[in-house]
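> Chain by chain, the residues:
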Amino acid sequence: MNRPLETIEGNEAAAYVAYKTNEVIAIYPITPSSTMGEYADQWMAEGKKNMWGSVPVVKEMQSEGGAAGAIHGALQAGALATTFTASQGLLLMIPNMYKIAGELTSTVFHIAARALAVQALSIFGDHSDVMATRSTGWAMLFSNSGQEIMDLALVSRAATLESRVPFLHVFDGFRSSAEVTKIEFLSDDDMKAMVTDDLVQAHRARALTPDRPVLRGAAQDPDVYFQGRESSNPYYLATPAIVQKAMDQFAGLTGRQYHLFDYVGAPDAERVIIMMGSGCEAAEETVDYLLAKGEKVGLLKIRLYRPFSIEHFIAALPKTVKVIAAMDRTKEPGSAGEPLYQDVITALVEGDVSGIKVIGGRYGLASKEFNTAMVKGIYDEMTKAKPKNHFVVGINDDVTHNSIDYDPDFSTEADDVVRAVFYGLGADGTVGANKNSIKIIGEETPNYVQGYFVYDSKKSGSRTISHLRFGPRPIKSTYLIRHANFVAVHQFGFFERYNVLEVAAKGAVLLINSPFGVEATWDQLPTQVQQQIIDKQLKVFVIDGYDVAKAAGMGNRVNTVMQACFFAISGVLPRDEAIEQIKKAIKKTYGKRGEAVVKMNYAAVDASIENMHELKAPAQATSTTAMPAVVSSAAPDFVKNFTAKIIAGEGNLLPVSAMPVDGTYPTGTAMWEKRNIALEVPVWDTDVCIQCGKCVLVCPHAVIRAKTYDPAELTNAPATFKSSEARWKELPGQKYTLQVAVEDCTGCALCVEACPAKNKSISGKKAINMAPQIPLRETERANWDFFLELPEVSRAEGGIKYNNVKNVQLLQPLFEFSGACSGCGETPYVKLVSQLFGDRALVANATGCTSIYGGNLPTTPWTFNKAGRGPAWANSLFEDNAEFGLGMRLTLDKQSQYARELVARMRDQIGAELADALLNANQADEAGIEAQRNRVAELKLKLNTLANSGSPAQAKDLHSLADLLVKKSVWIMGGDGWAYDIGYGGLDHVLASGLNVNVLVLDTEVYSNTGGQASKSTPLGAVAKFAAGGKPSGKKDLGGMAMTYGNVYVATIAMGASDAQTVRILLEAEAYDGPSLVIAYSHCIAHGIDMSKGLNQQKLAVESGYWPLYHYNPALKAQTPSRNPFVLDSAAPKVQLKDFAYNETRYRMLSQSDPVTAERLMAEAQKEVTERWHRLDMQAKAQ
Amino acid sequence: MDLSTTYMGLKLKHPIVPSASPLSKNLDGIRKMEDAGAPAVVMYSLFEEQIEWESRVLDHYLSYGSESFAEATSYYPDLAHYNVGPDEYLNLISKAKAATSIPIIGSLNGVSTGGWIEYAHKIQEAGADAIELNLYYIATDLLRTGAEVEQMYLDVVRDVKKTVTIPVAVKLSPFFSSTANMAYRLAAQGADALVLFNRFYQPDFDLEHLEVVPHLVLSNSNELRLPLRWTAILHGRVPVDFAITTGVHRTEDVLKGLMAGAKVTMMASELLEHGLGRINQVLEGVKSWMIEREYESVSQMIGSLSQVNLAQPAMIERANYMKNLLSWSPDPTGVLM
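In the order they appear, the protein sequences are chains A and B. Using numbering that gives the first Met the number 0, the first residue of the first sequence is number 0, and each one after it goes up by one. Using numbering that gives the first Met the number 0, the first residue of the second sequence is number 0, and each one after it goes up by one.
Hints in this document: simulated from the structure, not taken from any laboratory. Any given hint could be a false lead.
Unchecked claim - Here are the computed distance ranges between Cβ atoms for each label pair:
(1) ASP205(B) with LYS615(A): 53 to 61 Å
(2) HIS273(B) with GLU1170(A): 32 to 40 Å
(3) PHE515(A) with GLN201(B): 51 to 59 Å
(4) MET0(A) with THR164(B): 34 to 42 Å
(5) GLU1170(A) with GLY126(B): 38 to 46 Å
(6) TYR200(B) with LYS1166(A): 52 to 60 Å
(7) GLY763(A) with GLU48(B): 17 to 25 Å
(8) LYS615(A) with THR164(B): 56 to 64 Å
Stated by the list, open to error - Under the rule of at most 35 Å between Cα atoms (straight-line distance), these lysine-lysine pairs were calculated in the DSBU-like manner:
(9) LYS598(A) with LYS48(A)
(10) LYS941(A) with LYS966(A)
(11) LYS96(B) with LYS586(A)
(12) LYS582(A) with LYS31(B)
(13) LYS1035(A) with LYS24(B)
(14) LYS31(B) with LYS1133(A)
(15) LYS583(A) with LYS161(B)
(16) LYS47(A) with LYS598(A)
(17) LYS587(A) with LYS24(B)
C-beta atoms are modelled at their ideal positions from N, C-alpha and C, and glycine is treated no differently.
All chains, please: the whole structure from these sequences, using the hints.
Structural data, given as structure tokens:
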């Protein structure tokens, strides 16, 4: 049979089989499995059919727990049903997994295996998640590569139906799920041969139906539960043979033979590694290499890990084995050994095999590199008389000394494999073009291919590294390229920041995108780079890709330009054919976006090669510039020794001893990571400025700051430092400066949009205007440093009330320079909270964008003031954030109460006056809080004295809790995915608790962090992932639901519509002695807008009535006379919903793809908006 | 009485045609125009910039932020199809042709000889009976000569004519140094009709916000004079059909336009402001006028007041201008500002 070959990622392979062989699919986004759900949802929207010629139902749920429950129900009702997940998502499915297995129900869950959140969250791949489900009674079948994912997805589908044991089909997150390889597609006939009608009908016959009623899921007492638990044993005993039978049948269809345990290597091997997952590929490559050298080594790949068949395991193991290394991609602290290690020992003992030394090793946690050099290191360790047990490989454990050594230069890669590494920016399209390139090579040449893509943790200005391999044999190199014979640097600035040529092999080709032209480029390279080019004898080509891209109308997207150059140099295809194929790929990728886009890309391709020139490197390095230090010499030691390594891309070199043991990190680190990513930055015009503070308020990255100060402070100011007379009546004679941190700015220009002051002579200019960054960098760096040294305003003195936009600009932000998207709509709110309450705030942060830009290493934007105070931040999980914050509140309340009790008990010792003042302090404003802090300081001094005399125990006790006497503010933050969906149950409970917590929902109306999947906040008619056909239902009224409690402060805000209301609401919400819920409209990159116009979209959202501003303040009811607690803060709608909506791609794309539906949904949405406004209006007018 | 006219070979039941406007944005609007008695409909314009812009905007936002972050390599589902560029427009023409029995004239607005000209062919394929080519170029380039601009216009007409077999009308700006020569050369390039004149979207200033803002002002009958004069000058001398499209509001305007030499007179502002019922009202007025004056057909009056048929042809030229200005001046001294 002729099966099509396509170059796709592993997730698509899994989703393809899952979609084809199921009727009901429940989905929920979680990296790195989200794309499986996205494929399924999109295929459903396109009407693609399963193997029975029907379109499956794909339903997004509110959490993975919900998805598992829905699948459980679907299965019980007789459907063939599946889901996709990873990591914490899989953990949430565990309760249902026990049920599904206990009821012997056939299903396959496809798992892109991922690390668990422990000392830190990680989105990357290992087996911690699936290992946490070992006791659920599910079979586990591991795939190690893209082709295996497609194949074993089907094998597991067939086997579960016959065995009745549910299956996890597992493959490694990212390494297998996102790796792009050439895969032979299975046909419907293949599937029909494996998933036979009788198996399907048998499954259906077990369904719940009132036509044959049964009861399933009874409760059992001690008399029978145990026996029931044992009753399914025969099914587990039969499963391995059933799986092998399915594998054999599959081999008959496709020629690809799998076994429960696949052994590769010497038949008389003495050293055997046992493992599963993608690491097997690298291990097999090493085995092949070592076999050729005559070494007696082997690899046992475990396919079916559960049920673990000892019989098959022993049979697969060569009899000659002397040493086994059982390699686990997980960690079980405190165990006798990791799971696979223990299983291997158990199997050998039970199989009566003796005389084999077994060592256990850990590798590859959270996608840590696992390459052939490490595999060789393991084999070498096994030759030792006393090899390390419970070792780790790939890291330097200098604490418990578990790591084994290996030769990092060891390589097994064949010369006939092309290895190309591309350094690009997310924004320049490099990855997209490389995905096209690898598809072209995979599908238009006989080569086998592999594409793997690495991103950094920033959402703006992020660096990407593409690793492409192609060659004449299947590629098993499941590790990053270390010896590239082609290196492309698409951003010239990378030469100064990263050691990009470390990866270049001797004699490699280097392609540089240089704005300097071929002649001048050499002189612009740092000395180290020049020396590398000379030493490695690199052949260098230069193109001004920007010039070519701009001329073609592509702006900064140099992707197709560089792609054409790559093909021209690599010679993988004849040049003309390569151009033709690139154009075909362009047409395929962009064709549906319109001819103009296709032609623009064609023009870029056509102009590329003629603009590329070879650079003949001189024999000597001539540059006088060296690579600059990663961070300033003024940075703290931790930043210099730890953070800077990660920033420089050298985090892999950090030893275990460098790591904080409990996941605790200092804040205030983002300020040291000068990213210089903005092409243009704001420049202050002192003459036009009215000092309103709007630009400071809206700046998502806290790079625009204002201070007022005594004119004497200017004595040593740099020559270009700007100032003007402060326009505050409370601050006569003071100076005012608005300063921009140009090295931290992302160039979003929201500040310019927010500026209300126009230049009277040049209408296009305002009080703040964008200008190129590079000419300003040096002078503004000095100005910024000077500005930071100016004193911060006193929060408690000076008579200024920080309750309006103008005054708030003077408060130091304690959230700065985050890696959020340029122009982010969330971070201005987060920053504002940090300004208003940050020096006494605890932040409970739900997983999502906020936790990633807030807490993803290397740096954190959360920081502290000169007194050392600032927000204390923690992320628990996605689903429990409200409860997490509530726990903080409970502790604060309990401990502050206890502290007060101690103060009362020690009244005489600490002095009645101080004690009474502490207990009766009014902390309603900043002055009151500052006074209480001073009292606490005085108290501590007294307690120090008392600790040495009098009542030492009690004094120390109170001393440890004394800071709790100062009012603290708990902020529970997260996105709509948390608040509306996965965390709603908890949020609801927390709001009902009556306790004093502040909930800030940063509502982007999609799961932004995982790529824009629909949440219950997504509006009617908007397109989102998981709502590819336009969301058919309306947005949940979270505020309305919360108001029903009556004692919850509820408000909506939208800074772009009313910044004054935003400030006022946050102050009121925090001041309210009870739960408060503030829902903040946050424009987002996932809306498809010009981010510099985000504030205008917020304004339109309010003016159209889509996002009415209101607040519900229960405190108003308690006033005399009692007032209506509900107040509308925005005026009646004055523009149509479509005038707001159709500025956004998420709405517009539906009108472009399905105008009839779009029109209908827009009409419904308009009706909803109008009706809701009337409801709210009536509520506000009620007496 | 024969009210019919022929425009670019299209037989129309009367000469009052709705010109390009938002009224033809959807099928319902086109049907309503037919029901209101329109003898043909000129579709709203497909803009060169719109074709390019929609495509680029969609591409920009679908690409923006993609492939930058491991958890979100894209932000939107990859939908199978987008009606970008001309798709929606072409679909509407096809639907309009199927749903009505009147000629549908597609309208293409652009100025370069780029790939967008292919859309003329697509408009024909969609079933349009003719194309109105709206040439609109603001010559802001200090180094570009009038001759170059004129050549650009001519090249577009030449290329469009090569692309299609249906008739092509050219809707013109009145701002040429030699309008008559331009009309002559456009005809030589194969234009089947000249539509006089385009009304431009002139920007305005917003004094409150100190911004330049788009501001569309509907026409009035006073604006008829310019196309009236040029139609009268060119009728019978340039071998094309003429349409008058600015300032046609009342019965008198239609009659004047026909007498100047227009085969059809086109309305948009009047219909937008006072509704489609105006087509029949104005037509009734034309009928009454013709009955009163014993005209038998519209064709009788077409061009009757054009320059070639005038006893005093100079009335339409400069002397008339002098007279007109002097007659208007409120200044008793006769000194003009």
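> Taken at face value, is the distance from the CA of LYS161(B) to the CA of LYS583(A) at most 35 Å?
28 Å, holds
> Is the Cα-Cα distance between LYS31(B) and LYS1133(A) 35 Å or less?
Cα-Cα ~29 Å, so holds.
> Between LYS582(A) and LYS31(B), does the CA-CA distance stay at or below 35 Å?
45 Å, violated
> Checking one constraint from the list: CA of LYS47(A) to CA of LYS598(A), max 35 Å. Satisfied?
30 Å, holds
> Does LYS24(B) sit within 35 Å of LYS587(A), going by the straight-line distance between their CA atoms?
Cα-Cα ~30 Å, so holds.
> Assuming the hint says 34 to 42 Å, is it satisfied by the Cβ distance from MET0(A) to THR164(B) or not?
Hint violated: Cβ distance 49 Å, outside 34 to 42 Å.
> Within 35 Å, alpha carbon to alpha carbon, are LYS941(A) and LYS966(A)?
Holds, at roughly 21 Å.
> Note whether the CB distance of GLY763(A) and GLU48(B) lies within 17 to 25 Å or breaks it.
21 Å, holds
> Quick check: does the Cβ-Cβ distance between HIS273(B) and GLU1170(A) fall within 32 to 40 Å?
Since the Cβ atoms of HIS273(B) and GLU1170(A) sit about 33 Å apart, the hinted range of 32 to 40 Å holds.
> With respect to the beta-carbon atoms only, verify the hint that GLU1170(A) and GLY126(B) lie 38 to 46 Å apart.
41 Å, holds
> So the hint says 52 to 60 Å: do the beta-carbon atoms of TYR200(B) and LYS1166(A) match that?
At 33 Å between Cβs, range violated.
> PHE515(A) and GLN201(B), beta-carbon distance inside 51 to 59 Å?
45 Å, violated
Checked against the numbered hints above, the structure breaks hints 3, 4, 6, 12 and satisfies the rest.
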